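> First to last, the sequence lines map onto chains P and W. Quick note on the numbering used here: the first sequence kicks off at 312 and runs consecutively. Quick note on the numbering used here: the second sequence kicks off at 25 and runs consecutively.
Calculated directly from the structure, the hints in this document are not laboratory data. Hints should not be assumed to be uniformly reliable.
[Said to hold, decoys possible] When the alpha-carbon atoms are kept at most 25 angstroms apart in a straight line, the in silico SDA-like pairs for lysine to any residue are as follows:
#1 345(P) with 313(P)
#2 370(P) with 37(W)
#3 33(W) with 506(P)
#4 32(W) with 416(P)
#5 113(W) with 69(W)
#6 242(W) with 213(W)
#7 95(W) with 386(P)
#8 136(W) with 255(W)
#9 109(W) with 566(P)
#10 599(P) with 102(W)
#11 383(P) with 114(W)
#12 222(W) with 256(W)
#13 176(W) with 594(P)
#14 119(W) with 569(P)
#15 242(W) with 619(P)
#16 33(W) with 69(W)
#17 599(P) with 297(W)
#18 252(W) with 239(W)
#19 383(P) with 222(W)
#20 508(P) with 645(P)
#21 599(P) with 300(W)
#22 33(W) with 419(P)
#23 60(W) with 421(P)
#24 32(W) with 508(P)
#25 599(P) with 285(W)
#26 176(W) with 135(W)
#27 222(W) with 212(W)
#28 619(P) with 585(P)
#29 45(W) with 125(W)
#30 600(P) with 136(W)
#31 32(W) with 580(P)
#32 242(W) with 95(W)
#33 45(W) with 384(P)
#34 319(P) with 504(P)
#35 95(W) with 31(W)
[What the hints assert, rightly or not] These stretches of chain W come out as covered by chain P in the derived footprint (C-beta under 8 angstroms, 3 or more residues):
#36 32–41
#37 45–56
#38 223–234
#39 263–275
Nothing here was measured: the structure is a model prediction, and the numbers come from that model. Note that the Cβ used here is the ideal one computed from N, Cα and C, for glycine as well.
Letter by letter, the chains look like this.
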Amino acid sequence: MSVHTVTKEQFKAFVSALIDSDQKIIGVQAKADKFAFGELTDADALRLDYDVTILPPKKYVLPQKEALLQFKVGGDSQTIQEEEKVVLMGVHPYDMAAINQMDQLFSQGEYDTHYMNRRQNITIIACDVVTPSENVFASSMNTATVDQGYDMLLTDIGDSYVVDAATDKGQALVKMMDGASVASDDDLNKRKSVQDKNEAALNKHQLECKPSFLPKLLEKAYDHPVWEEKANLCYSCGSCNQVCPTCYCFDVQDEVNWDLETGCRYRAWDGCLLQNFATVAGDHNFRKKRSDRFRHRLYRKGKYVPGKIDGEIACVGCGRCITACTSKIANPVEIYNTIMETTEIS
Amino acid sequence: MCECCNGKKDIYLPEMCTITKRRMLNGTELYMHLEKESGEEFDYIPGQFVEVSVAGIGEAPISISSSPTQKGLELVVRNVGSLTKMIHKMQVGDKLGIRGPYGSTYPIESAKGKDLVFICGGIGLVPQRSFIRYALDNRSDYGNITVLIGTKCHDMRLFREEIAMWEERKDMTVMETIDEAHECWNGNVGVVTTLIPKVESDLPTSQVLICGPPIMYKFVLMALAEAKVPEESIFVNLERRMKCGVGKCGHCQINEYYVCQDGPVFRYSDLANVPEAI
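Pulled out of the complex, with its shape left as it was, chain P reads as follows (with noise of 0.2 angstroms):
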């Protein structure tokens, strides 16, 4: 729609004016020696220059936990819809195709209220990546950028931030950023090699395919060893299901108030890799093998999610389930490569 910059001394003035408005505005803050998400109550605390933050942005589309209905004990039901406004600072590339891919799942097919109203009551000002993490593979998987989902895109290009308004929200947020002015050419330029030098910086992993090619190797590679030898040293802790950008899987459950009489259901994070994630009534656990679940964890991300969103492969290259696995087997490249390597794809 337009582009425009703004020096970051006037960038720091209207992040300090969202603050005093009457939205809230999240962004990304040091913690200790990590970054994350966080409310933001002074400008001077974001952080846009981080490497990654230690849970993906999705926590602010699919909350940890999330109240769906609230109820009177063995009575009605009503639904609960989250209405406050948010503005999410500082969202890579590699997690705005996260948010993407989830904004396509949860409005095909039956559309999901919850999800979708939250979703569009958030407006995401993303940024291009500053300092590649230590295991960062966006690069191999086409996410080291990227053009939709955003409602402004920013780009450090040294002094000023180049900001890129794509839809109305961003738009408003421009009018909102006092000393912005049209982007020069130059500016411009310094962008584009911003951007052009992330398309192959973010690659602490080499995945030795196209992305695309993941769901037809896959079809190859289910009996592969490479399930068993990676699953025999893993704790079944699910922290590779919990840092994901792209783990969508939630569980249902009632929680009643100290009342006794009412009470909210809400859905919470849970993670295919944890021992009872597919255990029925009656005990009966149709995932019971390690291995099993950490195949099918590879799959939905190379196979089964990608099938449902035109074929986007589901595992954007953050990185985070390589940091986060105490075990040091979740590094989903590794593992592709390793079926590559060993594999005869006709």
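Keeping the supplied structure of chain P fixed, place chain W upon it in accordance with the hints.
Here is chain W on its own, set in the frame of chain P:
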């Protein structure tokens, strides 16, 4: 429904239904007949399931046991967890939350004109009964109807009076067996597969519908392969943990399929490359 939801309804919101009849079928299985509080009829096809809930306890997927040719909704609930324990305590006039129906259906249209063979193990009879009753209520649409029922022990037999009535009928064949011999039982003893060779319908041209505990499928499918039943003519009704029922939560997934949407009824030939299914 509200403005913020784009006029779309909340897929997680149950509708209140009243228990209009209830009785125990055996020591653990409760039969219930439900009607909507709104007075509307239920709209479903045999094979589908509903999500049943009690606010404050939880929600679980339960097969529909009635036929849409009758009024109301019939469910059978086994007392195995906190929700079903609570449901077992409920009386006529009490209310349950219902969402659905969800999932795929038995081939009620494509099976017309063909012989039907139902193979039921344990509470597998519950969802099968939906199509059995539907076929009996539309009797001229289908060929011979054979129902094979296997139950672990005599005390766990379900729908005893109804099965006795089916046995009286001249237009269907019912064969029952129990796994363990019992002094009150004069009938067949053995697993349900032992009844397959006794089926008089021409198996290779019949539509065979299977529902039972996970272990049963493997052996029944082996017996059907031996009897030269094409995989296209076999329908399996699979149980998984359909937590949301609407294809989102991921719990019921078998390889790329969601049992809550692509199932629970699958044509067996569609499961050739779905190793997690059986």
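> Under the criterion that the straight-line Cα-Cα distance not exceed 25 angstroms, is the pair residue 619(P), residue 585(P) satisfied?
holds (23 angstroms)
> Given the hint that residue 176(W) pairs with residue 135(W), test it: the Cα-Cα distance must not exceed 25 angstroms.
violated (30 angstroms)
> Take the C-alpha atoms of residue 32(W) and residue 580(P), compute the straight-line distance between them, and say whether it is at most 25 angstroms.
Holds, at roughly 24 angstroms.
> Under the criterion that the straight-line Cα-Cα distance not exceed 25 angstroms, is the pair residue 45(W), residue 384(P) satisfied?
holds (22 angstroms)
> Would you mind confirming whether the straight-line C-alpha gap from residue 95(W) to residue 31(W) stays at or under 25 angstroms?
Roughly 30 angstroms between the alpha carbons, so the hint for residue 95(W) and residue 31(W) is violated.
> Taking 8 angstroms as the Cβ threshold, is the statement that the stretch 32–41 of chain W is covered by chain P upheld or broken by the three-residue rule?
Since 8 is at least three, the answer is holds.
> Going straight from one Cα to the other, do residue 33(W) and residue 506(P) come out at no more than 25 angstroms?
Between residue 33(W) and residue 506(P) the Cα gap is close to 41 angstroms, so the pair fails against 25 angstroms, i.e. violated.
> Starting from residue 319(P), check that the Cα of residue 504(P) is at most 25 angstroms away, please.
holds (19 angstroms)
> Are the Cα atoms of residue 32(W) and residue 416(P) separated by 25 angstroms or less?
It holds: about 16 angstroms lies between the C-alpha atoms, which stays within 25 angstroms.
> Within a Cα-Cα threshold of 25 angstroms, do residue 222(W) and residue 212(W) meet the stated pairing?
It holds: about 11 angstroms lies between the C-alpha atoms, which stays within 25 angstroms.
> With the threshold set at 25 angstroms, check whether the alpha-carbon distance from residue 345(P) to residue 313(P) stays at or below it.
violated (34 angstroms)
> Is residue 383(P) close enough to residue 114(W), meaning Cα to Cα at most 25 angstroms?
Judged against 25 angstroms, a Cα distance of about 16 angstroms means the pair holds.
Checked against the numbered hints given earlier, the structure breaks hints 1, 3, 5, 15, 19, 24, 26, 30, 32, 35, 37 and 38 and satisfies all the rest.
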